[in-house]
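*Asks:* Chains as they are written, first to last, in numbering that gives the first Met the number 0: chain A, 0 to 314; chain B, 0 to 245.
Hints are all accurate, no fakes.
In silico BS3-like links for lysine-lysine, alpha-carbon gap of 27 angstroms or less: (1) B:106 with A:174; (2) A:178 with B:1; (3) B:243 with A:15; (4) B:213 with A:84; (5) A:271 with B:224; (6) A:271 with B:243; (7) B:90 with A:139; (8) B:213 with A:26; (9) B:224 with A:309; (10) A:139 with A:26; (11) A:12 with B:243; (12) B:233 with A:271; (13) B:213 with A:139.
Calculated from the structure, these hints are not laboratory results.
All figures in this text were calculated on a predicted structure; none of them were measured in a lab.
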Amino acid sequence: MSVIVFADTRGEKVAKSALETLTYGRKLASKDGTSLTLVTFGDASAERLAALDTNKVVVARNIGDADSQQLTRLVADVATKEGAKWIVFSHDDTGKAVAPRVGAKLNAGEVAGAITLPNDQGLIKRNVFSGKAQAWVELKTPVKVISLLPNSIPVEAVSGTATVEEYSGDLGAAKVTVKEVRKAGEGIPLPEAEIVVSAGRGMKGPENWGMVEQLAKELHAATACSRPVADMDWRPHHEHVGQTGIAIRPNLYIAIGISGAIQHLAGVNGSKVIAVINTDPEAPFFKAADYGIVGDAFEVLPKLIEAAKKLNAER
Amino acid sequence: MKILVLISHVPDTTARIAFTNDNTAYDASGIQFIVNPYDEWYALVRGLELKEAQGGTVTTITVGGAETDPTIRKALAIGADDAVRIDTAPKDGHDVAAQVAAYAKDKGFDLILAGKETIDHNGSQVGPMLAEMLDLPFISLAGKLDVADNKATAERDVRGDVEVLECALPLVVSCAKGMAEQRIPNMRGIMAARTKPLQVVPAAATEALSTTVKFELPPPKQAVKMIPAEEAGKLIELLHSEAKVI
Ligand SMILES: Cc1cc2nc3c(=O)[nH]c(=O)nc-3n(C[C@H](O)[C@H](O)[C@H](O)COP(=O)(O)OP(=O)(O)OC[C@H]3O[C@@H](n4cnc5c(N)ncnc54)[C@H](O)[C@@H]3O)c2cc1C
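Here chain A stands alone, though its shape is the one from the complex (with noise of 0.2 angstroms):
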């Protein structure tokens, strides 16, 4: 028996959400009284996989993440090995693909973006409709899949000694290949930012943007916008934020000339701090923000950025 967690360990470090699932999945192990277990795959070198903390790493060397296929025959198998009770993912875009096709191969129930740990009833909180509520769910089946929301709990320990071992089944062809990978330009990715500077329609224009991403410069934030700014081409599609782009929940999210209706407020409610900047001080916005400043953008804007200068001259 034990707890197994499947995490992307590639890139210059092991993101953030991965050892927040290493710390969910750590907490799990101690309360059943068993070892941990991180399946993971690609280059990540022994050295660095054996620091993290776990008690074992079994890693794939010789697959990528597209074909969600291979990488739940690689979960299925060792979690079928170690006899395994809880798998946990992170509900990424990998988890997303991947831990519901484990979850139907083993016929294990799954809680999708859980954002809590099971409290003593075994129940596991997530959001729904939205992030406009919280639904507690219970697994039935003897094995559990949870996809961890990332930012929903603290990292604790990230390190320990692990042994590791390379992984050696056979998993079957890739049926989805990458063709090409285009990098973004610079500038820190939306999913992931803890700070992000997001403008609306109340910019009037494209080229207004300038006084935002200085802002988001300061601030090492990533930018966003509203769907009608998207819509019109005035920002690219993957800034699009909300219930028909993407949801986010960073620390902080500053909101320049946007309304905040109920659809845009979906996809940034689970924010941790909001801020708001609007003329009209009727803005819905306001309703769901923890600062707000009534007040034109183009006024506001240069007194933001000159505070984040100094700021971070002091810091």
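Could you slot chain B with the ligand onto chain A? The hints should help.
*Replies:* Coordinates of chain B with the ligand only, in the frame set by chain A:
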């Protein structure tokens, strides 16, 4: 090309969110239901575009009771050829996938399109579970999809980059922003939808793997702290020293 599009029946994006029966069920009284936006704007419309360009059929499938028929008719009005409704109240995401798999397994669909998630359950589960049950490859969160020579090419945003993926048909794709533009059904479409085939299929025997025991609403937000526009710079100071987020 034979295309199947999964259509979910969800409360309107502005619908009141409240619960009944001791917070165990969504209170649907007086609520307007719509086609899940990801299913409609992205999956269905892209399916129709591919069919219009290359020939074939677009069938929709919905798991639900007769109350979902108006939502299904809306999908037909937008342009689907025919619809299937599996006549049961879905128990969880796994149940929906199992019901669709039981229907689709011997029908020879080349392409199965799902929205990236529903706006009520937000699970992102049905597409990948269905792919697993049908032993098919799956492309998640695609923002672009093309088909040529029996091969699909899709693009998706991952970690800020754009990945171009390829896969031979048949496959399952979950559809996100960018794939197509919303289509408003016209009068002719609405009239035609009334007589298009909507086949009601009895449910397969399935078991729920999970139950939602209870819903709750988030605690009310604390009052917003207002900062005068003349002192806007103070916002940055407060975000640093009080909220500790920068
Ligand atoms: C099914 C459905 C799904 C949708 N999905 C999304 C979604 O995913 N994301 C999304 O964002 N929207 C979505 N929408 C659209 C949503 O309803 C709103 O129309 C949209 O969010 C409005 O964008 P906005 O706030 O930028 O523009 P507006 O509503 O035009 O608001 C502009 C705001 O800027 C303020 N303003 C004007 N000038 C200034 C100035 N100089 N300085 C400061 N403030 C100023 C105004 O007071 C106003 O509040 C959806 C709608 C539907 C029906």
